[in-house]
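Protein chains: 2
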Amino acid sequence: MKSFSAISQQLRSGDHKLLARCISMVENESEGWMDLLQSLDVTPVPVIGITGPPGAGKSTLISNLVQHYSKDGKKIAVLAVDPSSPFHHGSLLGDRLRMSLHFSNPGVYIRSVAARGSLGGLTDKAMEITDVMKAADFDLIIIETVGIGQSETEIASLADVTVLVLVPESGDEIQTLKAGVMEIADIYVVNKADHEDAEKFADSVLWMSQMKHNAEWTAPVVKSIATQDSGTKELIENIGAFLSSGAVNSKRTLLFAEKAYRLIARERMKDINKSALAEQLQQKINEKGFNLYKFVKSIVS
Amino acid sequence: MKSFSAISQQLRSGDHKLLARCISMVENESEGWMDLLQSLDVTPVPVIGITGPPGAGKSTLISNLVQHYSKDGKKIAVLAVDPSSPFHHGSLLGDRLRMSLHFSNPGVYIRSVAARGSLGGLTDKAMEITDVMKAADFDLIIIETVGIGQSETEIASLADVTVLVLVPESGDEIQTLKAGVMEIADIYVVNKADHEDAEKFADSVLWMSQMKHNAEWTAPVVKSIATQDSGTKELIENIGAFLSSGAVNSKRTLLFAEKAYRLIARERMKDINKSALAEQLQQKINEKGFNLYKFVKSIVS
Chain A
-12 MKSFSAISQQ LRSGDHKLLA RCISMVENES EGWMDLLQSL DVTPVPVIGI TGPPGAGKST
48 LISNLVQHYS KDGKKIAVLA VDPSSPFHHG SLLGDRLRMS LHFSNPGVYI RSVAARGSLG
108 GLTDKAMEIT DVMKAADFDL IIIETVGIGQ SETEIASLAD VTVLVLVPES GDEIQTLKAG
168 VMEIADIYVV NKADHEDAEK FADSVLWMSQ MKHNAEWTAP VVKSIATQDS GTKELIENIG
228 AFLSSGAVNS KRTLLFAEKA YRLIARERMK DINKSALAEQ LQQKINEKGF NLYKFVKSIV
288 S
Chain B
-12 MKSFSAISQQ LRSGDHKLLA RCISMVENES EGWMDLLQSL DVTPVPVIGI TGPPGAGKST
48 LISNLVQHYS KDGKKIAVLA VDPSSPFHHG SLLGDRLRMS LHFSNPGVYI RSVAARGSLG
108 GLTDKAMEIT DVMKAADFDL IIIETVGIGQ SETEIASLAD VTVLVLVPES GDEIQTLKAG
168 VMEIADIYVV NKADHEDAEK FADSVLWMSQ MKHNAEWTAP VVKSIATQDS GTKELIENIG
228 AFLSSGAVNS KRTLLFAEKA YRLIARERMK DINKSALAEQ LQQKINEKGF NLYKFVKSIV
288 S
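First to last, the sequence lines map onto chains A and B. Letter 42 of the first sequence, counting from 1, is numbered 29 in the numbering used here, and no numbers are missing. Letter 13 of the second sequence, counting from 1, is numbered 0 in the numbering used here, and no numbers are missing.
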C-alpha cells in the first residue's frame, strides 16, 4: 500500500475504490489501520444521522434526501448500519434494493456495515468509518441505523444532526416510545403523514419536543410521505437550520469528547478479554466468600 | 461507623437500617465505599430482573410475586430503578404506591434508586447495590426497570433471570419491539392476557423465542392478568425452572465477566473526565488538520 499521505491525498481526490479499501481496513483492523486513522486529513463534513423503528420509512426518506442533495451538486456518502439480529434481514434487504437506485450515481457512495458486538448496538467501528469518509471528497455524510437497542443513542454520538423518523401509531405509542430515544432527536419526522392519526401524533411529538426546554434549539416536527417525496424539502431546510445554528457547535464538542473518551477506553482496555475473564471466573464465582471487588482490585493494581 | 466485618455480620443478621445506610454509602460514593464493597460477604442470592415498556404492568406483577414468595416464607429485596426522564414520573409514582402495600412486611425490603448517567440507562451503581443486598439476609432479589433506552440490556447483565413483560398490542408491535430487547429475555410475560389480541400476540412471541435456537433454554411465554393475580404461579414456576437449569450457570459466568470488565474499565478511566475533555476539545476541533486519533494517542501514551 502507498504511503499514508499519498492515500490521504487520493481519498480527497475522490477515489472511491481506495475509500472502500480504507473502510475495510478499519473495519477488519488490518495491519496499519490505526496509523491510517492517525494520518487522515479529516475535515468537518456534516454528518446527518437518521434513525427510527423498522418500517418507519427511513431508507425511502434517505433515498429522497440523496436525490435532492445530488440535484444541488452535493457529493454524498451513506453509511447504513445493518443490525446483526435475524429479525430484520428481510426488511433491510428491501431497503438496500431501494437505495440501489443511486448506486450508478458517481456523486453518491453507499456502504453497508454489519452491526456487531454489543446487543443492537452500532458497529464498534462506525465512528472510525465516518472519519474515513470525512477524509474523502463528500459534502455530506448520512448514517442510517434501525432503531433497535442502543443504536439510537449511539447514533447521536456520531451525527451532527439526528433525525428521528416515526410513524403515527395508536395513541398509546408515545408512552411506549423510549424517552431516551425521544431525547436524542434534533429533528422529528412523522412519516406516513397521510395516516388518519398523523395530525394528532405529530402534535404530541411537538408537545414533547417543546417540553425539553432547550434554550438553543427546539426540535421541529416535519410531516412527510416518503413514498411520494413529500416533506423532503422541509426536512432539508430544517437540517440546514440546525447545522447553522449555535446548537450544533456545543453538540459537536460533546460529541468529540464522547468519541475521545471511547477511544481512550478502548486503548486502555485492549488487554482485557471478556472470554478470558469468564474462564477465570467460572470456578471462582461458586466459591464461598468470593468477592468480585477484591478480584478486580487484584487485576487493576 | 463500625468495622467492616462487623457491618458484614450485622447485614447478614437482617439489619435493614444498616442496609439502607450501606446502599446510600455506595450510591453516593461516600468515603470508604470501595472498602465496604471489598469486605462484603456476598452470597449467590438469585436476582430476578423484571423489565418491559411503561404501562406493561411490571409493578403489579412484582407486587404479586412478592406476595407469593412472602407466603412461602422467603425474604425479598426489591430494587426499583427510576428512569431520570421526566416523561415517566407520573406512572412510576403510581407504581411506588402500589408497591407500598408491602412496606409494612418485615420480610420485604424495597429501595428505589434514580437512574442517572447514561441516557435511559440503569444507575451506574445498580450492580454494587445488588451486591450489598446479596450480603444481607434475602432469599431473592428483584430488580425492576422501565424498558427505556439501554436499561433492558443492562438489566440482563445484572439479573440471573430476566423477565420481559409485554402487553398485547397491534399486530405491528412485534416488529417495533427492538430485537435486541427480545433477545435478553429468559422468560416472557404477556400481561393483560384478557385483551382480544393476547392469544395471537403470545403466539408470535413464542415463535420468536423458538427461533433463537438456544440449546440450553427456550424462553417460555407466560400469560398473565396481573391485576387479578392470574399467571403469577406459572411465572414463579418458570423462574424456578430457569434458576435450576444448566442455562443459569453459563449465564452467571458471563454476567460476572461483564461486571468485572465494567469495574476494571471504571477504575482505569477514573482520571478521565468528559467535561474536561470537552473543554480541551472545544477549540481544537475547528482547527484545520485536527485529528482525534492523534489527540487520543497523546493522552494514552
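Just so you know, the hints here were simulated from the structure itself, not pulled from any lab data. There could be a bad hint or two in this list.
Identical copies look the same in the list; a pair holds intra-copy or inter-copy alike.
[Claimed, not checked] Subject to a maximum C-alpha distance of 27 Å in a straight line, what follows is the list of computed DSSO-like cross-link-like pairs (lysine-lysine): (1) K281 to K121; (2) K62 to K112; (3) K199 to K281; (4) K271 to K121; (5) K112 to K257; (6) K261 to K62; (7) K187 to K4; (8) K257 to K275; (9) K261 to K112; (10) K284 to K257; (11) K62 to K210; (12) K220 to K58; (13) K257 to K210; (14) K210 to K220; (15) K261 to K199; (16) K284 to K62; (17) K121 to K261; (18) K112 to K187; (19) K284 to K121; (20) K257 to K281.
Being a predicted model, the structure only gives us computed values, none of them experimental.
Which numbered hints fail:
Numbers 3, 6, 7, 8, 13, 16, 18, in rising order.
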